[in-house]
Every structure is written in structure tokens, then in C-alpha cells.
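Number of protein chains: 2
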Amino acid sequence: MSTVKVSHGDRISSIEVEDGLSLLEAVSKIKDMHIDASCGGKGTCGKCKVKVLKGELPKPSLSESKFLSSKELEDGYRLSCMVPVIGNVDVLVNGINENSNILTEHKGFTGKINPVIKKKYLTLSKPSLDDQRSDLSRILESIPLKNPQVSLSLRRKIPTLIRESEYLITAVFSSDTLLGVEKGNTEDLNYGIAIDIGTTTIAAYLIDMNTGDIVDTISGLNSQKIFGADVISRIEYSMQGPGKLELLQNKIVTQISDLCIFLADRNNVSRNNIYSVILAGNTTMLHLFFGIDPAGIAVAPFIPGFLGSMELHSSAFKDFPLGCAVFSLPSISGYVGADIVSGILATNMHEREELSLLIDIGTNGEIVLGNKDKLFCCSTAAGPAFEGAHITYGLGGITGAVDSAVIENDMIKISTIGNEKALGICGSGIIDIVAVLLKSGLVEFTGRIKDEDEVEGSAAILLQKLKIDKNGPAFIIEEASKTGISDDVVFTQGDIREVQLAKAAISAGILSLLNKAGREISDIDHLFLAGGFGSYISIKSAADIGLIPAELLEKTESVGNTAGLGAISSALSEENYKKTKEIAKITEYVELSSDSFFNMKYMEEMVFPEY
Amino acid sequence: MSTVKVSHGDRISSIEVEDGLSLLEAVSKIKDMHIDASCGGKGTCGKCKVKVLKGELPKPSLSESKFLSSKELEDGYRLSCMVPVIGNVDVLVNGINENSNILTEHKGFTGKINPVIKKKYLTLSKPSLDDQRSDLSRILESIPLKNPQVSLSLRRKIPTLIRESEYLITAVFSSDTLLGVEKGNTEDLNYGIAIDIGTTTIAAYLIDMNTGDIVDTISGLNSQKIFGADVISRIEYSMQGPGKLELLQNKIVTQISDLCIFLADRNNVSRNNIYSVILAGNTTMLHLFFGIDPAGIAVAPFIPGFLGSMELHSSAFKDFPLGCAVFSLPSISGYVGADIVSGILATNMHEREELSLLIDIGTNGEIVLGNKDKLFCCSTAAGPAFEGAHITYGLGGITGAVDSAVIENDMIKISTIGNEKALGICGSGIIDIVAVLLKSGLVEFTGRIKDEDEVEGSAAILLQKLKIDKNGPAFIIEEASKTGISDDVVFTQGDIREVQLAKAAISAGILSLLNKAGREISDIDHLFLAGGFGSYISIKSAADIGLIPAELLEKTESVGNTAGLGAISSALSEENYKKTKEIAKITEYVELSSDSFFNMKYMEEMVFPEY
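Just so you know, the sequences run in chain order A and B. Using my numbering, read the first sequence as starting at 1 and increasing by one per residue. Using my numbering, read the second sequence as starting at 1 and increasing by one per residue.
Misleading hints may appear alongside valid ones.
Since copy identity is lost for identical chains, a pair holds within one copy or between any two.
[To be verified] Under the rule of at most 27 Å between Cα atoms (straight-line distance), these lysine-lysine pairs were calculated in the BS3-like manner:
1. Lys581 x Lys540
2. Lys578 x Lys146
3. Lys244 x Lys157
4. Lys126 x Lys516
Read the hints as simulated data drawn from the structure, not as lab findings.
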């Protein structure tokens, strides 16, 4: 065992770990510390840099020399994923995404409130020789349960409690389970927490089940991020050996526990008055949360362990700090999860006469097309490009991320989240930048950055921002002197290629669903752009780069985190919760990997619109 | 902490206990050690005698002097319930009812087999891009579950198992729960255990769910006996303070675990192939098994914590050695339990056209009257007299108990269980003895033992067996020289009074139900005598003393342990299991404690028939 001491800002933490563990893994064991490592610790992304202040370590590996300059190596910088702990060591960590201010948004719930967990104050008649019903029957006969389920621990609690409260109690129940019994009238204290587990971001909403109000919201980066940026790298990590799946599960369950407690405490809500946690999320994230092996999802034919909704008690999880029901919404396939079912519910496209298209671009890009008669869905390898992965200076939607770009006075003008010095570029910035480059004529429709002699007019001024190094040409988005990273923030030819791939996947996905449904783009009445990404991009830029069909521009609406919204609405309405099951059942999944129409369109759609 | 060393036969055990605990409680903590103490450790029955070999103890208390002769005290005998441990002590215990050979019996199951837990071998189609159902759906869609419930731990197990077994698996399921999944075809290994938890005796049956065969049977004294002979004293013990209920629960759960393991091992049945434990028992015993406070049952208006059937997984119990479903049958009231519901099912009286009477005399005496149209039931304080409690030399049906008595050659001739030297008298012996004494003219119909001068003819010879001491007159049933206890086994005037009380309660109960139903004794077509007691008594003697109506003699049938039989039949037939719920619902409980008709009849029925 060795001690790893980690300095980050003005926080210093220590942890005892077994020798042989990587520095990345060691740091991840510290509560609330997550070093970004989008490759999942394979030494291929170079993002997990730390500075070693003290302590012995093995000599730098080849992959470290690739990502670190000789100056950096001299100064003690190392890739934390590649360095095993072999003795006590002190490290300085900068890039920890602690408390990152991820943007979330929500709309209020406007439907009829009929929460999945209800409370009812009961003034029970006292027993007598003429009324010898058992304590439990006395309660059950006063509430409308279809097929009453009562846990043994609750049955044990009832006889004492019912007498102590002199037969004045509040029952807590779902449609077929008596969940709890409380002394006196506590009807007005009924809270739930809706959670969307995204691959990158987790959003949690504290809901007042009596009023439907969203009392508070919090979000954070998924703490599993250090094990890989996308679902595939997480699944691969889970398959690395015994205990890895449990480690991933533990990470996410702990994080969700912390979010729940934080929400309760910040709002002076007793933990005892939170009766439900309702989860949306993609299929893999739900597998990891429940500790169910997701390996089958990673390889063809992409088989998940489960898809249906889950209704459990929190006691199924070790050390869960709330005693409450845990619901998860149902998924459709390995790559179209409960987050999309939730999105369909939130946009109500399953009940509309008109044809709607829902695009949720998160770490994957899921697309749903249909109306009340029929729904089709697919998942495209849009990849996490729009979340900043695979983009040289890509970032999530955190403070300091370039989130927009326009041409002003023949120059690229950017803004950053929080108006801080630029640290990198997030999804909305990436799309704006590509749109700007295309429309100014610096990049041709094939995605190629033009040569100097091909550029004319005002675009030529922008050429000042082009630099060419061993990695090829790149545009300087913000110069080193103005950034927070002491280096230029650039957008490279390779980054443009990443956007092309993602754009092609989404476009071809849309066309494939239309083809399947026998419809055309002009038949679409609504385009819902969902996800954190959907909320913040310029719809115009998205159309400019051909990510969404230009003719749908006027019909496009940013609908925010529909996964979260759907979860909230399922928590607040038993009917909506039931509808999610129906949606999951009737929505037809279209497998694109074996679809020749998709593959043809994917090639065709690789090009940008011509300007 | 002190060490208590216990010698019993050739077994010596030691246990570390806290000072202050009684010796009785200390010994009870040793696995398989139960000292008989029918008063529940209050120092009022004198049965928990032990010999102290070494160690310091407080001076004998008053109640000890009452039950122990000065010779016994001199020799180191003490009442274990009255002596607190105050230091290390070695004791010799004789009366431990370990491995007592209690009589049980059963009939085979003859109905249609449709067990509550089924197994089905599934040859699942392998997944493909055209069949992307989840692992779980693939299984669930192949078995007929109404509203599928699957535990989290099973969901975790499925993805690996389904692949390892190459999609050839056996599903284990009840009507709405998938309980397990096994590799390959294991259909022919499906066992269940039916258990009747009596206040005095526990009977367990290992059942082959494929054939309906009762593979093996075992029974033992309820290990909670040291905490009281009847339900009231057990409940009182459970109310003595924190942890007492848990202690009682732990005792019975451990005993049932042991019985299950013993049955499995003795029959070379893998513990993994036992999928259900189905429980009958009286209401209080079921409360204690589940750890649910039974306090409300002890006092008017006699309210149980629960009555309905319970469907749990064994994981609800700490350290339960089987991973299986645990079912309990439903009860009717605080004093008419699942054992009686089970008895109704076993005798089929709820489906018969003819009027039937069921009498189950165990530690209480429960009576059911009715037919397919209507059933009435009641519980009488018949008390545990017929199980040997409150009878000076009373014993359960163990080896050495006098189990029959007849007059032969003007002398009382007895037999004992196992033809061993008499140790005491069990229920069937008690009834025979009273019948003999009545019919020979030694006891008059009021229950009074006649004076010498009142006795005539051959009966006078029997007078030789009458002895009179400070406790009044008593008949010597077996002389000290022939018994196994170095003392006369006698039957006293007080014992006769106990039988009168019990007999009056049963008779008055029968009359009360008839009154409620508007029927007469002559309307009864069947009298079923249930319980271990019912199996072994002489029906003729029971009629002779007026315990059962003489006119029903020809219509009376001993039906054995119907509680166990009903549990077996519920385990083997889902339909029967459902019927128990129906029976519990429709059977009307008649509360006798407040019934003036009953009270009047109770007084009238105190007398024996006249001879």
C-alpha cells in the first residue's frame, strides 16, 4: 500500500492504495475527484495529465512521450493512466471537472398530478371485538392497492406504529405496494427525485409530488467518465476483469446517492420524505447503475441484459442513503434507451396526429420518427464529437468552453460559457465554427480546408488565423495569450472530419427512418432537438452544416433535456409512467448497422452543403 | 461474560454469555439444546431442573424451594430459569428434548400436480440482428408469467448464464415471479418443503414437486418451547423487552433452516434444488417466524399484525441456508391460523355438500363447522392439557409417554410409546385414563374422585392404586419401580379438573358454532379429528368422556396433521394455494370470549357423561 496525495486548487486529499494501481485509478477513488480521460485510461487521448510533485515513479512510457513534450516531462508531468503507483507520491491535478457548471434546463409539469408514489392520511377505526381485522388489513382496506405487496420490514414496523399513533397514520404507496406508514398526517411532505443518467452528464431534479414543482436541479459529470468517454469504452472497462462492473456500478450509485442527499439537504427536505427515485438514461448507463452486465450491447447483435422498466426498493443497493422506491423507465434497444422513451413522452410525439422527428444528440445520436400511429427509432454512431470528445480542444458545456462563433467585421468572434477565458470548445461552438468556416468559403463542401490560393475576398482575412503544423492545418479560435490554457485553442482539419462523420450519421439516420416509414422530409411537421446539446446549439448553424434538413428550420424546436423532463413527468403521473411502457413496446427499432440504405446515405451525406 | 459448560448425555457444549442471563436462557443459546419449561421461565412449572456441577450461583429462591426437595437442593439441583449466571458454571442437563421422536403422519397427494414453483426447460433462439430481444425478454417471453417480477440479483446473473449455457436453460418461476435460471435441463430436480409450525411441534415434509411424492418427513419440538408452552406465554416473553421478539424469531428460523438442511442432506437433494418453503402454523407462530410483533393477539380485542398469505424470498431472512421462495398460508383470526385454513383445505369441507365438523386440538383447540355454502370457526381455550401441559405428569407424544390405558382383569393396563419405561402421560393416555376412571365408577360425572366408601364391585380393586398426599387424591398409573423417573407416574384430581375444563371448552365451542349456523349435532355428517392428538387418541374414549358428541362416534375420522397436509397440497397445486386465500376470506370467525351462549354452554359442559 502507498499513499497518494492529491493537490487540486486549495484542496488536498490523500488516499491509501495498493501498489500497481494507476495514478488515474488512485485519484478516482477520492470522493468527487474525476480526472478527464476520454479514452478510458488506455493512454490514447492524452487528457489525464498530472504533475508529480514528489515520489518515485517508473520511467515515462512511449505513449507518454507521444502526448507530453520533453519540457513537460522535465517539469514532472505524466499521463496518470499510464503510471502505476509504486510508492508514496504527491501529485498536482488541474483538469478535474469538479463542480463543473453544466447547463441544464427544464420546463414545469403541466399535466394532472397523480404521482407514482402517493400518500394518504388515514383515520382508522380502532379495533374491537366486532372488528378484529389485522393491523395490516385495517390499513390496506383504506387504500386502493390492486395486488398489495408489503415488505417484511414494513410488516414488522406496523403493529407498534399503528398503536403508538392511535390509528391516525399516513400511508405511502404506489399502485400495488404499500411502501411505508408514518405517524399522524404527513401528506404534505411528498418528494421524489428524477434523474437522467447520461454517459457524460447526470441531471437530477427534486420534485414536490403534491404541487408538481421542480424544487431544485443539479447536474454533474458522470463520475464514470474516467473509465471512458463513451458507452463502448465503459463496457470494455467493465469486461476487463472481476470487480470492474461492480466498480462502475459503485461509482454511479454513489454519485447518485450524493446528488440526492445534496438536493434534499440544500432544500431542507428530510431524506425520509423522498419516496421515489425515477431514472431515465441510456441502456448501458442503466445496466451499469443496476450492476447488470452490459457486455452484450458492445458487440453485434447488440443484446442488452434487460430493457423493461425496473421497480425496486432502494434496499437493493448497498449503502443507499434513502429508503425509497427506485423506478427506471423502460428502454427500446441496446442503443435506444429510457432517455429516448422519456423524450418521446416529453414531446408527446406518440400522441400527435402530425409527423414528428426527435433528435437527441448526446454521446450517441438517437433519432425517433413517427406519430400516434407508428414510431420508428434508431441510434447512430454520431459519436461524442458534439460533446467535445475526439475534437482536439473539445470540452463539455462547462465554464470556459467556446459555445458560439460568428463572423463579425470579417473576423471570427467567439463567446464562452461564463465569459471566462477559453479552455476549449463545446458542441454548440463546434457547429458554429464549422458553419462559419463553410460559409466564409475557408472550407469546401467536401470538408477540406482550402489552400491559400483558393480563398478570395473577405475570407482571405481569416487566413491569418490558419496555422499549419505537423498535424496539418488548423484554425486558431483563440490565441494562447487570451486562453486559460496557455496555448492556442484551435480547430483542425481532423476536427472537421469528426464533425462530418457525425453529421453524416445523423442525416443518414433521419433518411433511413423516413425510408422505413415511407415518408419524406417535407412530411415532417415538428423537429424536436433534445439533449443539453439541442438546447444550446444554433439551429441555424445546424442547418447550415446540414446536420438537420434546411427545410425543417422553421419547424425546429429546442426542447431541452427531454430525458429528464420525461422522468419528471413519469414521477408525477402514474398514467405517464404507464405510457413509457407502452411507448417502449410500440416503438420499432431500426438496426442501422446492417441496413444497406443507411450505409449508402451515410456515404452520400458525408458532404456539407455547398455555399 | 461467563462461560456456561453444559453436559448432556455424552455431549458437552460451552457458551460465553453475559452475566445476569438465566441458566435457562444461556442453555437455549446452544444449538439444538432446549430445556423444557412450559411456564416460559417464570418459575411456576418446575420443569427446567438442572444439576450444577461446579461454579458459584446465588442462593436458591423461594420458588426453587417449592419445586425442589431439600435433598435435590443439597445435590446441586436448581431451576434453571430462576438462577442468573454470575460466573463460570458447569451444569448437567437431563430433560433436554433433543431428537424427541414425535409421531407424525401424512397421506399422499392425489390431486392434479401444478406446483406453486414450476420449472421449464427452454431452448431459446440465439440472438441476431433480426432478433435483438434482451436476455431477460428472451426468457420471459418463453414462460407464462402474469406480471413478471425479477429480482435485481437474478437480473445480474442472467447475461452471463444465458451465454455460458448457450441459450439452453431451465427457468424456475411462480405465477408472477421468475425465481431462477439454471444451465441446461434441470426440470426433473424440483423440490419443496412444507412446514407446519405448531406451538409445541414442528413438522417438515420434503416434497418432490414433479411426482407429488412426500420424500421424507421430520418433526421436532418447537425450539421456542423454553420460552413458554403456549402462545400467550410466548407472546408475553416477546414483550419483555428489546430483542426478545428477535430472539424468538431467530430461534424458530434457525430451527426451520436446520430441518430443511437435514431433509435435503438426508435425501441427497441439493439445497439448490429446493425452490419453495411453504408454511402453515397458528397465527402467533407465523408472527414469530416473520418477526412481526404478536402483542395485539394476547389481549382483547385480539388483533394480529397480519393475517394474509405471505410471499417472500428467503433472502428476507438473515442467514437462511436456502435461496428459495417462502410462502405462508393465510390465517383467519388471531386464534384461528393458517394451520386451520390448511386443515379445511385438506379435509375439503369447504367444497362438500354435507355438513362437516373439524376439530384440531393442539396447544389450542380450534373448531370449524360448515360446508360449501358457509363455514364458521372458533378457537377455544382447550389449553395445552392434551399436550401434557398443566397435567402433573403430562408429556408430549415422545418415547416413554403413556399413550393408552384400558381396564384388563380389573386393573388399569397401560402402554407407552416405544414400549419404554413410563416417563409421563401424553394426550391419548390422558383421555383413556379419564375414560377408564369414569366408566369404572372411580370418578363421578362431576369429576370428583369418589371416596373409598362410595366405590363398589370390581372398581374397588382399583382403589389400591389410589394414593392421597398433601395435594389430594391421585391414581398411580405406573409405580416408581417400573418408571423411568424413579417416582410414581400419577394422575391427580387436579389433572381431572384440567381435562374437564378442556373438554367443556371444546364441547361448548361445537355447540356455539352449531347455534350460529342454526344446525344441530344430528345434522353433522363428518367429524374430522385433526392434529397429532387427533391421530392417536381413542375416538371411543373421547366420546366416553364427552369430548366429542357420542352420537358422532360412527361419523368420526382421524385425519392426522391436516395443517401439514394442506401445506403440502398448496405447495403441489397453485389452485389449492389460491383456495386457501378464498377459505380464509369466507370462513367466519366467531369470537367466543364475548359470546354469552358459549359461556352458558361452557358451564353446562363441564360435567362428564354419567355411567
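Failing hints, ascending?
1
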